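Peer 1: Single-letter residue listing:
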Amino acid sequence: MALVTITNVWKYYGKTVAVKDLNITCKDGEFVSVLGPSGCGKSSTLRMLAGLEHISAGDIRFGDTRVNDLEPKDRDIAMVFENYALYPHKTVYENMANPLRLRNESEDTIKKRIAFAAEMLEIEYLLQRKPMELSGGQKQRTAIGRAIVREPKLFLFDEPIAHLDAKLRARMRGELKIMQRRLGTTMIYVTHDQLEAMSMADRIAVMNNGVLQQFGTPQEIYNHPVNEWVAGFVGEPPMNFIDCDLIEEGGGFYAVHSAFKVAVPADQAAKLRGALKSSGVRMGIRPDQMAISLGQEGAAKGSIKITEPLGGDTLVDVDLKGAHHVLVKTDADFRGQMNNSCSLNFDTSRWHFFSKETGVAYF
Amino acid sequence: MVPTGSGSARPTTHNGEHYVDGARVIEYLPSSLNALPSSRYYLWLMAPALILLAAITLYPFFWLIWMSLQNVGAGPETEFVGFKNYIRLWADDKFWTGWVLLFKYSFFCLLFEITIGVFLAVVLNGHRFENILITIFLMPMMMAPAIAGLVWYYLFNSTFGWYHWLFQSLGILGETSIIGSTETAMAGIVIVDIWQWTPLITLITLAGMKRVPRDQLEANMVDGASAVRNFISITLPNIYPFLLIAIMLRFMDNFRFIDVIMRLTGGGPAEVTKVLPVYLFDVSFVFFKLGRGSAIALTLLIVTIIFGKLLVKVFENPASKRIDQGN
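Residue numbers (numbering that gives the first Met the number 0), protein chains in the order written: chain L, 0 to 362; chain E, 0 to 326.
Misleading hints may appear alongside valid ones.
[Unchecked claim] Now the in silico label distances, taken between C-beta atoms and shown as ranges:
{"#": "1", "chain 1": "E", "residue 1": "Gly-170", "chain 2": "L", "residue 2": "Ser-55", "range": "46 to 52 Å"}
{"#": "2", "chain 1": "L", "residue 1": "Gly-173", "chain 2": "E", "residue 2": "Met-251", "range": "56 to 62 Å"}
{"#": "3", "chain 1": "E", "residue 1": "Leu-63", "chain 2": "L", "residue 2": "Glu-106", "range": "39 to 45 Å"}
{"#": "4", "chain 1": "L", "residue 1": "Gly-135", "chain 2": "E", "residue 2": "Phe-256", "range": "57 to 63 Å"}
{"#": "5", "chain 1": "E", "residue 1": "Val-122", "chain 2": "L", "residue 2": "Asn-67", "range": "47 to 53 Å"}
[To be verified] Below, in silico cross-link-like pairs of lysine-lysine (DSS-like), each with a Cα-Cα straight-line distance of 25 Å or less:
{"#": "6", "chain 1": "L", "residue 1": "Lys-89", "chain 2": "E", "residue 2": "Lys-83"}
{"#": "7", "chain 1": "E", "residue 1": "Lys-312", "chain 2": "L", "residue 2": "Lys-89"}
{"#": "8", "chain 1": "L", "residue 1": "Lys-320", "chain 2": "L", "residue 2": "Lys-19"}
{"#": "9", "chain 1": "L", "residue 1": "Lys-26", "chain 2": "L", "residue 2": "Lys-166"}
{"#": "10", "chain 1": "L", "residue 1": "Lys-270", "chain 2": "L", "residue 2": "Lys-26"}
{"#": "11", "chain 1": "L", "residue 1": "Lys-129", "chain 2": "E", "residue 2": "Lys-93"}
{"#": "12", "chain 1": "E", "residue 1": "Lys-209", "chain 2": "E", "residue 2": "Lys-83"}
{"#": "13", "chain 1": "L", "residue 1": "Lys-110", "chain 2": "L", "residue 2": "Lys-152"}
{"#": "14", "chain 1": "L", "residue 1": "Lys-320", "chain 2": "L", "residue 2": "Lys-355"}
{"#": "15", "chain 1": "E", "residue 1": "Lys-103", "chain 2": "E", "residue 2": "Lys-93"}
{"#": "16", "chain 1": "L", "residue 1": "Lys-129", "chain 2": "E", "residue 2": "Lys-209"}
{"#": "17", "chain 1": "E", "residue 1": "Lys-288", "chain 2": "E", "residue 2": "Lys-93"}
[Said to hold, decoys possible] Chain E is faced by these chain L residues, among others (derived, beta-carbon under 8 Å):
{"#": "18", "residue": "Gly-231"}
{"#": "19", "residue": "Phe-240"}
{"#": "20", "residue": "Ser-292"}
To be clear, the hints were calculated from the coordinates, so they are not data collected in a lab.
Quantities reported herein were computed from a predicted structural model and do not represent experimental measurements.
Even glycine gets a Cβ: it sits at the ideal position worked out from N, Cα and C.
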């Protein structure tokens, strides 16, 4: 088990920069998820941690040991690959035994560790099969089994459940989290799926274009995204962004748009003072942080473009005046129809304001 | 609509034309793509290829068998002698020595070519200058064997040959030339074969290495394998079928290519390089005993086939399994 410190790490491929000046510290036993779209540098980061990729600049430390120049085999890590990377000519048992064999463990230890891992992953009945006889989910369990028999200092998971079907994926999220808690091993988990990151990780590192955007707990990232990009990337359905003006009137602040004029709570107003001089702000609000009602009593007026009943709740696409459409999540019993006029009330305690120029959040 | 049904029952007019619901239909394809055409249809399609194959392969092959049962002189008249040619071979020392030399020659060629070839492939794979280097390495292979023989004939030359001078300076060689000494002549022809054909092994191995799954290599590295261990447990099983092809090719080539040997030593000195194909050449085209020559050629062919089959049998099973089980 180990404290993992990534200090000012850069990764270049030729002249392309994949990771820019990355700083992350994972506490011992922590489940850290690296989240970002494809090409954001998250896999490069993981591969540098594994020793499969040269570190262009900066340091990576496991505990007090600088591992930059260590071979993968000397880093005491275990990795689960996106495509499982099982050895096709070996049985599940032999696949799992491989890392132990390479470390000259005794047959007894090998047997014991595999029995433990197989039981945890419920793959005891598969041990004598070969990878080609396994389903995707079984292959993935085998790959995880191969990682946990090692009892390594650090787990590195590279989108391990990305190729499973949705149902199995949902189940594996829970199982992986339980497994990590039970083993207590530090885990770094790369994914592009914000749901995976949110549901499993203790802390999430959100990356975009090789730059770390925000590193914090899922709640911090969801409730206080540091910039517009993080706000838009995390959360499903995504946050709505509405460009509006900020004006000061009679001692209070108002967010003004052609469809609404809403007072800004006093505690937020102080932080927004700097935005007054700019040409406008971008207001962000999540679909479930608005109340929709038919008629024109609400703060923001518009009309319903389409409703999508999802059973448990309903998504409503609203055309605000001024040609901006907004996605609203409401109850299943919402009865609005296409082209009905409607209005929205914002939960002003939970909305966000971002700078129009830089995308940085004001609070 | 194209009518379905058996081809023969179709109301066909001349040129495959017929009428369906008053519309003229000309069929260029079998009436239904689902129904398999008769085997006669395929036979006609294959006929030209079969005839050509018979003319260039089967006819000479049977003619060779016939010849081996004849006493053929310089003139056109031949005399049937039954298995006399074969019986005489049994007692022919040069024939048996030819075999021993051929196996020795082939073994050393293969051993060094595979070792060096695979090593070069490992070094070249993913190298920055891979494409340029492989082009350079392939040059010896592009050279006609007879020309290669000539080049090395000069390199080995005892008055101005560069290699001769080098080896002599190092004290490895005495006064005689490499190909002139009974001790080193075999090594001489083996070296030329290695020089010329190692690139082929490299090329084939390199092609194999391109399909070694990278994630397996990496998984094994993370599991704790060293580079050597990784090569043995991941790369080797994956390039196995390719190596088999390379070994087959080179083994069969060694059993029939004599251009270089003819050019360099002509079987000498003191017949230490008179491998069986060279002896075959001597018997057939120097002494013009085509009957005996045919008998030798046939034995050579049969042994090549047997060894080829054995090689495939020994190596094929795990190899084909590995291909089938690819992820």
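Peer 1: Determine for every hint whether it applies to the structure shown.
Peer 2: We went through each hint and held it up to the structure:
1. E/Gly-170 <-> L/Ser-55: 46 to 52 Å: Holds - the Cβ-Cβ distance for E/Gly-170 and L/Ser-55, about 50 Å, lies within 46 to 52 Å.
2. L/Gly-173 <-> E/Met-251: 56 to 62 Å: holds (60 Å)
3. E/Leu-63 <-> L/Glu-106: 39 to 45 Å: Violated, since E/Leu-63 and L/Glu-106 (Cβ atoms, about 59 Å apart) do not stay within the stated range.
4. L/Gly-135 <-> E/Phe-256: 57 to 63 Å: violated (50 Å)
5. E/Val-122 <-> L/Asn-67: 47 to 53 Å: At 25 Å between Cβs, range violated.
6. L/Lys-89 <-> E/Lys-83: Answer violated: L/Lys-89 to E/Lys-83 is near 56 Å, above 25 Å.
7. E/Lys-312 <-> L/Lys-89: holds (22 Å)
8. L/Lys-320 <-> L/Lys-19: violated (41 Å)
9. L/Lys-26 <-> L/Lys-166: With Cα atoms ~31 Å apart, L/Lys-26 and L/Lys-166 exceed 25 Å; violated.
10. L/Lys-270 <-> L/Lys-26: violated (32 Å)
11. L/Lys-129 <-> E/Lys-93: Violated, at roughly 53 Å.
12. E/Lys-209 <-> E/Lys-83: This hinted pair is violated, its Cα atoms lying about 53 Å apart.
13. L/Lys-110 <-> L/Lys-152: holds (21 Å)
14. L/Lys-320 <-> L/Lys-355: holds (20 Å)
15. E/Lys-103 <-> E/Lys-93: holds (15 Å)
16. L/Lys-129 <-> E/Lys-209: It holds: about 24 Å lies between the C-alpha atoms, which stays within 25 Å.
17. E/Lys-288 <-> E/Lys-93: Distance ~15 Å between E/Lys-288 and E/Lys-93 Cα, so the pair holds.
18. Gly-231: Not OK, violated: L/Gly-231 not within 8 Å of chain E, min 32 Å.
19. Phe-240: With Cβ-Cβ at 39 Å, over 8 Å, it is violated.
20. Ser-292: With a closest approach of 53 Å, the L/Ser-292 hint is violated.
In summary, the structure is inconsistent with hints 3, 4, 5, 6, 8, 9, 10, 11, 12, 18, 19, 20 from the numbered list given earlier, while agreeing with the others.
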